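Colleague: So the chains spell out like this:
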Amino acid sequence: MKITRKDVENVALLSRLELPEEEMEMYSGQLNAILEYADVLTKLDTDNIQPTAHVLPLKNVLRADEVKESLPRDLALSNAPEEEDGYFKVPKVVEG
Amino acid sequence: MELFRYTAHELHQKLVDKEVSSVELTQNVLNRVEAVDGKVKAYITKTGEQALKEAALVDEKIARGEKIAPLAGIPGAIKDNMCTKGVKTTCASQILAGFVPPYEATVLEKLQAQDLVMVGKANMDEFAMGGSTENSGFFTTANPWNTDCVPGGSSGGSAAAVAAGEAIWSLGSDTGGSIRQPASFCGVVGLKPTYGRVSRYGLVAYASSLDQIGPITRDVTDAALVMNAIAGHDAKDSTSINADVPDYTKSLVSDVKGLKIGLPKEYFVKGMDLAVEKSVRSAIDQLIAMGAELCEVSMPNTEYALSAYYLIATAEASSNLSRYDGVSFGARTEGGDIVEMYKKTRSEAFGAEVKRRIMLGTYALSSGYYDAYYLKALKVRTLVKQDFDKSFEQVDVLITPTAPTTAFQLGEKSSDPLSMYLQDIYTVPINLAGVPGISIPCGFAGGLPVGMQIIGKPLDEATVIRTAYAFEQNNDYHKRFAPLGEGK
Numbered sequence: 072m073k074i075t076r077k078d079v080e081n082v083a084l085l086s087r088l089e090l091p092e093e094e095m096e097m098y099s100g101q102l103n104a105i106l107e108y109a110d111v112l113t114k115l116d117t118d119n120i121q122p123t124a125h126v127l128p129l130k131n132v133l134r135a136d137e138v139k140e141s142l143p144r145d146l147a148l149s150n151a152p153e154e155e156d157g158y159f160k161v162p163k164v165v166e167g
Numbered sequence: 007m008e009l010f011r012y013t014a015h016e017l018h019q020k021l022v023d024k025e026v027s028s029v030e031l032t033q034n035v036l037n038r039v040e041a042v043d044g045k046v047k048a049y050i051t052k053t054g055e056q057a058l059k060e061a062a063l064v065d066e067k068i069a070r071g072e073k074i075a076p077l078a079g080i081p082g083a084i085k086d087n088m089c090t091k092g093v094k095t096t097c098a099s100q101i102l103a104g105f106v107p108p109y110e111a112t113v114l115e116k117l118q119a120q121d122l123v124m125v126g127k128a129n130m131d132e133f134a135m136g137g138s139t140e141n142s143g144f145f146t147t148a149n150p151w152n153t154d155c156v157p158g159g160s161s162g163g164s165a166a167a168v169a170a171g172e173a174i175w176s177l178g179s180d181t182g183g184s185i186r187q188p189a190s191f192c193g194v195v196g197l198k199p200t201y202g203r204v205s206r207y208g209l210v211a212y213a214s215s216l217d218q219i220g221p222i223t224r225d226v227t228d229a230a231l232v233m234n235a236i237a238g239h240d241a242k243d244s245t246s247i248n249a250d251v252p253d254y255t256k257s258l259v260s261d262v263k264g265l266k267i268g269l270p271k272e273y274f275v276k277g278m279d280l281a282v283e284k285s286v287r288s289a290i291d292q293l294i295a296m297g298a299e300l301c302e303v304s305m306p307n308t309e310y311a312l313s314a315y316y317l318i319a320t321a322e323a324s325s326n327l328s329r330y331d332g333v334s335f336g337a338r339t340e341g342g343d344i345v346e347m348y349k350k351t352r353s354e355a356f357g358a359e360v361k362r363r364i365m366l367g368t369y370a371l372s373s374g375y376y377d378a379y380y381l382k383a384l385k386v387r388t389l390v391k392q393d394f395d396k397s398f399e400q401v402d403v404l405i406t407p408t409a410p411t412t413a414f415q416l417g418e419k420s421s422d423p424l425s426m427y428l429q430d431i432y433t434v435p436i437n438l439a440g441v442p443g444i445s446i447p448c449g450f451a452g453g454l455p456v457g458m459q460i461i462g463k464p465l466d467e468a469t470v471i472r473t474a475y476a477f478e479q480n481n482d483y484h485k486r487f488a489p490l491g492e493g494k
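For the record, the sequence lines run as chains V and Z. Residues 72 to 167 in this note's numbering are what the first sequence spells out, letter by letter. Residues 7 to 494 in this note's numbering are what the second sequence spells out, letter by letter.
Any given hint could turn out to be false.
To be verified - Cβ-to-Cβ under 7 Å is the rule here; a few derived chain Z residues that face chain V:
hint : residue
1    : 332
2    : 334
3    : 347
4    : 385
5    : 424
Bear in mind the hints are in silico, worked out from the structure with no lab data behind them. Computed from a predicted model, the values in this text were never measured in an experiment. Ideal Cβ positions, reconstructed from N, Cα and C, are used throughout, including at glycine.
Hey, can you work out the whole structure from these sequences and the hints?
Modeller: Right under this line is the structure:
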């Protein structure tokens, strides 16, 4: 087994996903099959190889620090599931 | 007159010659949508009313004697992961089912500058994750050549719409083959430009270092026209390349004399359907007969590309998709505390493939596994890219099949994610290397189209287009129309 049932539970928590029992089984099996397939990578010696996160030779793309028009607040809030007084509203996160 | 059967460049001529109006043309395409979309199901959102208004404006321009742009007034479809201001953009996900973008993607702004007529927003695999459009959170699209088969994916709606006459051209996006593979399955042309050639601003992110927008069209000429409209630097996308964009119509030259074609021997191995191999090899023979030179090249890291791709793409996806938390936009399911709300929202609204990829990517990035999976995959990406760099020292283009098979049956692979991933074996290395690639029809097998992939050097879409055009002009595959709706 590449990935244990406990790993899958942990990954689901990190991913903020809630999985019913039968799905937990299904994903464990599928993730194992995929990771076993990916085991082919261990055949390659990559000790002296630099990683490529990005193919373009770009560094620190900056623009001039000028004031420009931004999204009006009502538009920015237009897709909010819940809003109040011009703010996004979420369940209470601070105790007391 | 069945105007929906023509290409964009033919229709442009008809508009300029005042043989037809854009309103007539648009109405003709909308009628076609009305007639066949019940079967094909290419569209998530139809914008016919707006399209007719946009068409009327183009007709006014023509009446005033103004010059119109090549795509002006010619109905197109947009994959539903590109933000359209005021028009729902769902990414085929329940989590964005009600999302109406407050801004326009750069490609849309560029197309509007050419007087875009948009028929609708095309179906896709949820968040562009999949190769069959069966992962759409709404419904599955059918292949116009055989409605029991998938159209490919993830841009399945965009490819099926063009093949079925429900749009003259469309935009797709390609992270690991999502333009080229559905183009191959639907018998149309699909071009993935060099990474950074087309702005990703307003494209809903899946895997940011791999995603790229490109055209899906009926022929290579139309692909060049759409590229002319959408390519170029954009200050709003920090990964956009600041390089001159050539006029791609200048590459529509049927001449491959002296062109060096590389055949990567690692691609022509087991797993490829024999009929697909035969079609692609005979297409290559034609190019040689036309004066191209063949050169076998070796790309030894090919067998590692698929694994590296699925680790990198899912890692990036797990990060990108963390924004769907039920707070600032998208669906929300109420729960007890905020973490409960996040979990309920995401578990209810994401489909199975999206959850699978988020978890795989989270695992590959998690403490203790990062080096073994994510970092390893990034190093393998370097080796895959080096294979391309070395090959392009010897050849001008590489040719491979686009996919190992023709379109498969609906449901055939949907229960086995790994077998679905294997479909991408010839397309993902191109995204890892960031180079351009096109799929064009090169034959038929069992009544279904076969696609040939032509891969070019970074920023050299021009040579890719020229090679594709030369082959196309010697054949008539691009002139065949999917039988759907014709009583066959």
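Colleague: All hints are to be evaluated individually against the structure, with a verdict given for each.
Modeller: Hint by hint, here is what the structure shows:
1. The beta carbon of residue 332 of chain Z is positioned within 7 Å of a beta carbon in chain V (closest approach about 6 Å), and the interface hint is therefore held.
2. A hinted interface residue such as residue 334 of chain Z counts as satisfied when its beta carbon comes closer than 7 Å to some beta carbon of chain V; here the least separation is about 5 Å, so the hint holds.
3. Residue-level restraint check for residue 347 of chain Z holds (minimum Cβ-Cβ distance to chain V is 6 Å; threshold 7 Å).
4. Because the closest C-beta pair between residue 385 of chain Z and chain V is about 4 Å apart, less than 7 Å, the hint holds.
5. This hint holds: residue 424 of chain Z has a C-beta 5 Å from the nearest C-beta of chain V, less than the 7 Å allowed.
In this structure, every one of the numbered hints holds.
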